[in-house]
Amino acid sequence: MDPAFIRNYCIIAHIDHGKSTLADRMLEITGTVSAREMQEQLLDSMDLERERGITIKAQAVRMGYSHPGGSTYELNLIDTPGHVDFSYEVSRSLAACEGAVLVVDATQGIQAQTLANVYLAIEHDLTIIPVVNKIDLPAAEPERVIAELGTAFGYTPDEVLLVSAKNGTGVAELLEAIVERIPAPEAHRDRPLRALVFDSKYDSYKGVLAYVRVADGIVRGTERIRMMATDTQTDVLEVGVFKPAMVRVPSLEAGEVGYVATGLKSVGEVRVGDTITTARNGSSEPLPGYGGQKPMVFAGLYPAEGTEFHDLREALERLQMNDASLVYEPENSQALGPGFRCGFLGLLHMEIVQERLEREYDMDLVVTAPSVGYRVLMNDGTVRDISRPTDLPEGGTYDAIEEPWLDVTILTPSRFVGAMMELVNSRRGTFKRTEYLEAASAKPASGEGMPSSDPRVVLDVALPMAEVIVDFYDQVKTRSRGYASLDYSFGGYQVAPLVRLDILVNSVPVDELSLIMHRDRAQSQGRALVDQLRRLIPRHLFDVPIQAAIGSRVIARETIKALRKNVLAKCYGGDITRKRKLLEKQAEGKKRMKRIGSVEVPQEAFLAVLRMGKS
Amino acid sequence: MRPLGAGGRAHAVRPYNAGRPWPRRSYNGVVSTPLALYVHIPFCETKCPYCDFNTYAAIEPLMPAYVGALTHEIAAWGAWLGRPPLASVFFGGGTPSYLPAPHLAKLTEAIRAAFEWPDAIETTAEANPGDCTPEQLRAMRAAGFDRLSVGVQSFDDGELRLLGRRHSASDARAAVRGARAAGFANLSIDLMLGLPGQPLDAWARSIDEAAALDVDHVSVYALTLEGGTPMEADVARGTLPEPDADLAADMYLLAQERLGAAGFEQYEISNWAKPDMQSRHNLAYWEGRPYLGVGPGAHSHLLGDALGPHGVRFANLRSPRTYIERVSAWEPAGVVSASALASAGAVETADALSEATAAGETMMMGLRLNEGVSDAAFRDRFGAGIAERFPGPVAECLSLRLLEWSGGRLRLTEPGRLLGNEAFGRFVAAASEASSGAGRA
Ligand SMILES: Nc1nc2c(ncn2[C@@H]2O[C@H](COP(=O)(O)OP(=O)(O)OP(=O)(O)O)[C@@H](O)[C@H]2O)c(=O)[nH]1
Ligand code: SF4
Ligand SMILES: [Mg+2]
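Protein chains in written order, with the working numbering: chain A, 1 to 615; chain B, 1 to 441.
Worth flagging that the hints you see were computed from the coordinates, not collected in a lab. As the structure is a computational prediction, the values presented were derived from the model and not from experiment. This list has only true hints and no planted wrong ones.
Calculated pairs, DSS-like style, for lysine-lysine (alpha carbon to alpha carbon, straight line, at most 30 Å):
#1 A/Lys206 x A/Lys243
#2 A/Lys581 x B/Lys47
#3 A/Lys561 x A/Lys581
#4 B/Lys47 x A/Lys585
#5 A/Lys201 x A/Lys265
#6 B/Lys274 x A/Lys579
#7 A/Lys206 x A/Lys57
#8 A/Lys294 x A/Lys206
#9 A/Lys477 x A/Lys432
#10 A/Lys201 x A/Lys57
#11 B/Lys47 x A/Lys579
#12 A/Lys243 x A/Lys57
Model the full assembly from the supplied sequences, consistent with the hints where possible.
Here it is as structure tokens:
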């Protein structure tokens, strides 16, 4: 296909503003998917995506489109996820495109991820087509959203398209605008091959599939290729495109988006961000790629009863091929045995990884409390990165601990500004600036009518990451009755008076329950944690003391009194089987617990730390 | 009083077989150890809020049809099994005393016609104090009952109301007196401890009154909040205080002390008896002897030539209506085999016991008795001693001081008696692992 007739674009938006539904209509209008095969949010093909109604993984799809002008175009669409945890996926997709369709919900207006994604698209120099979606809804206020798009990004009303992804209104016009406004890719087919790997996926027959955008040259289905960063060579099994099912094509040419089936069995060899070139007469200059995304949240994943360590390793390897943002390394825990320390982009990402492991790979897992990564400035001037509380060196060997901060943008109707600030202050946050999204003429104060009629305010604040990962998002939603939205990005490290809170069960310290926290929080958190554990750990045949300590100083203590009575009442009318089953079930439950010394601790206890701070 | 343990079995006053091996005479394929017969009476005047037994209020119109069906089931079993001898008869429920006397008489007649019913065996009916009029008591004696188990539950009228019982404390006293007067030489009462909001001193009054009463046997049960009962819902909702397990433990210890002082000997976790007055019927369950249950939801365990080395456990379906339909149409024929039992009468589930399961259940039930489980008897049945069959559980329970050896028997320690599940659970879990392991191999 002549590059002049190719358009590569992604759909970006705040979560739930209708990206995937809009993609459905495009697939339909272009005849890529027949009416019979159509289903809602077709590109959300994972069970988890369909159940939760959100996109987790970006999806590329090729469509053939006949423009009313008479020419036929090849459209390469990438549907992206909206949740902040997956903004890295968005930015990777952007690198494969020349344009972006920016979707804004007509009932909600601009939200935090709208801002974040627009800035990303601008950074990537993409042509943006602003679209107001869901105009079919009675609560839609397209005029207002058009005005917001003007204030926030300077779009004029005639640049903005109005659509309903649900019933298809305006989608044909949008496709026309895509062809007309988004530039054709710059493509040099005579140059040596350079293809950017912007995502990957594992296929049990074809090995790692590299999702590529070909920048220069041509990649054929029979090529011997080289991955430039890892210097791995392999014979391509096939190249193809997603329609959205995988369809083999003879070659992918500069300007096109598709997949390369590498036959490779490990993601280590096919890194997202790497450049593919030909093995012979290849290019020597890789494409810019991406700065690797650093994980924000860490947690230990351990096999529970019924799952083997090596099965978990295999599952993680497989999953990583579909989720390049997941990082892990083996670790060993006294209480939980061998497992993995995993890094995630955020709590949703962590939850999804856990759930995919459990469902797609049939794993039974214990997940430890999530923690952020700290930097320890050692006396000798070196810096140590630690991702788990027990790695904190001995007191006296370091000068300071730095914790990661986030730059957080909260977008809220003006009436909740006070509530938001209060929340930020209670989480050790600092205020940076506010800005009104509406034109200066809009009245600043309000409180009458619906919150949605308030002027909307952008609050820029900074918060320690540790304060955000627990339940900050929930709190923002609760305290704004769902009207405020949130986005964040990494904002550097700051020194803080942090201490490690240790938990001892029957005098045995439990690494998995240790927490690093602000000194001022230790007392109250310690007490709360000890109290939670007292409720969660069953009574034993002896007293079990539970202590919270900083170093050797015990700051909270509770005792789980010895069990005195555990006996079944009468065995009625000879129903012995029922009694036996009951005892078997109790024993099953016990087996699922983890032994710490002579104490059996249920998995929920390890999750108790996770709930700490949630009130 | 004769001491427990030490060689002899203190409760063997009316031995149906005096320690000799069980006769292996076969009745149509069923080994004829005399059977313990359980007869279920699923009627109650009202349903108590803590009760999850298979019993119903307001289905009295079913009584005649029910008694007809039950009579048929009794006759059919008797005929199919070849009129085997009985070891004990127990009418439970529900409320057997609530059934009009002519019905009760019809049922005992049917039993007498279908089974070999030795005169001396224990024949119990459960009774509610409110039903114990002199006429009903006399009629029950005449029908063949010689033991009454009276559901007293408490001697505190407030507690009785909380339990939704239809009688008062004075009804209970009158029932006991009346039963004696009617000629019941063997009387038992049930009491419940650990009620929501029940203070220790209230329990002390109930247990003292029980201890002083002219009865031969006392059963003490801790209230269990069964899922789906109104009382459980009330506790979950917070309208009733949650029973305090530690307080219940104190109550239990108090019961042990007061009943012991009054000459009752504890022979099982929940049961005390005057010398030689233990419940023979319930001993069949604890000692793993065969029993036949008739009526809806009744459970049975039969041993036999075609029933595998450890016999078959089976249970009837629970609904009285469906039971009447199913059982009335039943005409048994052929040899009593595991598969024949699975489709017999109103049987809903039937399982042949594996050796591992049988060994686990032997421990679970036998350890409930104060005398515990005889290592020799265990070896006779399973070909290995208890510690050989269950090395892990035995070692653990001994070191936790839950169990102890005494005169060739493994038994609960005194402090272990309240923690029975901790011991039973270990045996049952080991057995279930062994049997699932065997299944996989
Ligand atoms: N009424 C109406 N509902 C819409 C429209 N577009 C999308 N929706 C609904 O909005 C919800 C979210 O739509 P999705 O397409 O999953 O949104 P998304 O932006 O892909 O969401 P994420 O991928 O999770 O960020 C779904 O319930 C859609 O049915 C529209 O034009 N009109
Ligand atoms: S009388 Fe007994 S069987 Fe009947 S409902 Fe009450 S507790 Fe249950
Ligand atoms: Mg989506």
